[in-house]
Amino acid sequence: MNLNKFLKGLAIALPIATLAACSSNQQTDSGTGTQDTNQQQQQESGVDVGAADRTMSPEEQRQEKYDELRKEHMIYFAFDESRIASEYAELLAAHADYLVKNPSVDVVIEGHADERGTPEYNIALGERRAKAVTEYLRNLGVNSSQLSTVSYGEEKPLVRASNESAYAKNRRAVLVY
Amino acid sequence: MMKKLVILFLSLSVLTSPLARGALEIVITEGIDTARPIAVVPFRWNGEGPAPGDISNVVAADLMRSGKFNPIPAAAMPQMPSTSGEVDYAAWAGLGVEAIVVGTVEEYSVDRYTIKFEVIDVLRGQITGGGSQMLREGELVASNDHILDARSSVVTSSQFRQYSHRISDVVYEELTGEPGAFMTRIAYVTVNYNDDKPYQLMVADYDGYGERVLLRSNQPLMSPSWSPDGNKLVYVSFENKTAEIFIQDIYTTRRDKLTSFPGINGNPIFSPDGKRIAMVLSKDGNPELYIMTLANQQLQRVTNNRAIDTEPSWTPDGKSLIFTSERGGRPQLYSVNLQSGSVRRLTFEGEQNLGGTVMPSGDQFVLVNRTRGNYHIAKQDYPSGAMQVLTQTSLDESPSLAPNGSMIIYSTTHNGKQVLALVSVDGRFKARLPAREGEVKSPSWSPYLR
Chain A
1 MNLNKFLKGL AIALPIATLA ACSSNQQTDS GTGTQDTNQQ QQQESGVDVG AADRTMSPEE
61 QRQEKYDELR KEHMIYFAFD ESRIASEYAE LLAAHADYLV KNPSVDVVIE GHADERGTPE
121 YNIALGERRA KAVTEYLRNL GVNSSQLSTV SYGEEKPLVR ASNESAYAKN RRAVLVY
Chain B
1 MMKKLVILFL SLSVLTSPLA RGALEIVITE GIDTARPIAV VPFRWNGEGP APGDISNVVA
61 ADLMRSGKFN PIPAAAMPQM PSTSGEVDYA AWAGLGVEAI VVGTVEEYSV DRYTIKFEVI
121 DVLRGQITGG GSQMLREGEL VASNDHILDA RSSVVTSSQF RQYSHRISDV VYEELTGEPG
181 AFMTRIAYVT VNYNDDKPYQ LMVADYDGYG ERVLLRSNQP LMSPSWSPDG NKLVYVSFEN
241 KTAEIFIQDI YTTRRDKLTS FPGINGNPIF SPDGKRIAMV LSKDGNPELY IMTLANQQLQ
301 RVTNNRAIDT EPSWTPDGKS LIFTSERGGR PQLYSVNLQS GSVRRLTFEG EQNLGGTVMP
361 SGDQFVLVNR TRGNYHIAKQ DYPSGAMQVL TQTSLDESPS LAPNGSMIIY STTHNGKQVL
421 ALVSVDGRFK ARLPAREGEV KSPSWSPYLR
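Protein chains in written order, with my numbering: chain A, 1 to 177; chain B, 1 to 450.
Just so you know, the hints here were simulated from the structure itself, not pulled from any lab data.
You can trust all of the hints, since none of them are fake.
Calculated lysine-lysine pairs in the DSSO-like style (CA-CA distance at most 30 Å, straight line):
hint : chain 1 : residue 1 : chain 2 : residue 2
1    : B       : Lys283    : A       : Lys169
2    : B       : Lys257    : B       : Lys275
3    : B       : Lys417    : A       : Lys169
4    : A       : Lys156    : B       : Lys197
5    : A       : Lys169    : A       : Lys156
6    : B       : Lys417    : B       : Lys430
7    : B       : Lys232    : B       : Lys275
8    : A       : Lys156    : B       : Lys232
9    : A       : Lys101    : B       : Lys241
10   : A       : Lys71     : B       : Lys197
11   : B       : Lys257    : B       : Lys241
Sequences are here, hints too, so could you generate the full structure?
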């Protein structure tokens, strides 16, 4: 079941990733230039060229998925909670994998809270969330020296509104590379 | 009906008076009808040209903002006396006015003025006709016991506001028996997301006048708190992308970093003698209370518990802290004796109780109570007693007490923005202090500034 979900996700994620690589010539230019010109030439010539899916090794597939997952940096929490929901397992595994393979990379984990409760209590709560993420990454083999935390409590809301959906977005931990 | 009109007129006059227009407006939402009627008669200017400054409006606004008095508007006054000799006691007593303040302003020298004022007990004056007598050394002399206070001072025009607050202090103390807290300031944090440096540490007179920026930052600022001498603020800044505690002299701009431990460096509070600072540090694992002695920067660990311990507040004797702890599962208030280390739970009502501050009298504390998901300011007897919820606004937090213990300033949410609000400690008087722009939070009331 989990594998099924993963394959579906891959089916959506892969074309998007390819598309993104083609169209985004404004930001990360390196390496995509030749592809762009190639495709442009093909479009102009009036023929459609198809391509077969390249068979990837399981490791390559995993890496591709992890690269995709690592674009997401946020983990959301329930009210007054610092427990990491199971839906973030793969996301955090992807970050851990990257950090283990790149021991010189450091990450700061920011903890945040919604505006309910006192600012000082929310600083403590934000730290507990950040530390829950740190602990999770350490258990996946990440070196402690790569991880640090800062709690902003309720001081830096992602969504500036006083309703449940804003609160849900503001109760978060953010991995900042 | 008449009363309503008077109230309406009064609020209008306060809101539109140029002297009432500070950085923070005041909107009184409850309690003016239970306040004692008094009158602050416009002081007579005995000089050429326009009067050098307004005094009576500042004094009236102060007394009204105390929640204890309802100064009647000038238009409703039966006469405009400027000395006790001119007062028609029956006319004032007929209006139900308990006391009146009268005074004069005269030029003394270049930009120096003599201000004289009297605080008069209308009812006593009516009984004695203003001519009471007493025996002194066998002779009958005028006692003037209806004149509660009479003073005279020479001030410059730039000192008019400050001297007006001084008059308010005198009037308040004569009429309530407790010192006034009108010569005080508040520190607070404003957030204006449109600015390149959205976070500002501000200080203003308690009524919002004379607002000054003490620090602007592109990262959050938190928890300003005053030194007992009123010269310094200690606060938390994230300017280096981590929480650090700073002390800043509000007059010289001198600024020193006090702590920068890994993790939380939070909620610094000066001890009543100003020699130590209680704070929250998580350097040893999770948030715990510590006390730093300023002279040698030595740290004393106060709590040692796996749960969150935060929000320290000193008892006035400096011998205990009250604090918020999750050691019982949910945040509740506890006290810890700093000599014996013994800890005692203080609150039991509602889902959560946080942010406790001990009153200057030491026999009560104010706190943030959460009941059915609503956060309100409440008070409770110290060390034990029943809790009384004081506010009905929403998401109330960061209560700070006036140094005379009469009024609480706190942060609340109104129309989706954080604003400051006032509530009297008896819960009767309520007002909102909306800012002109941005959000305002973390208010901290200064000690007496004299």
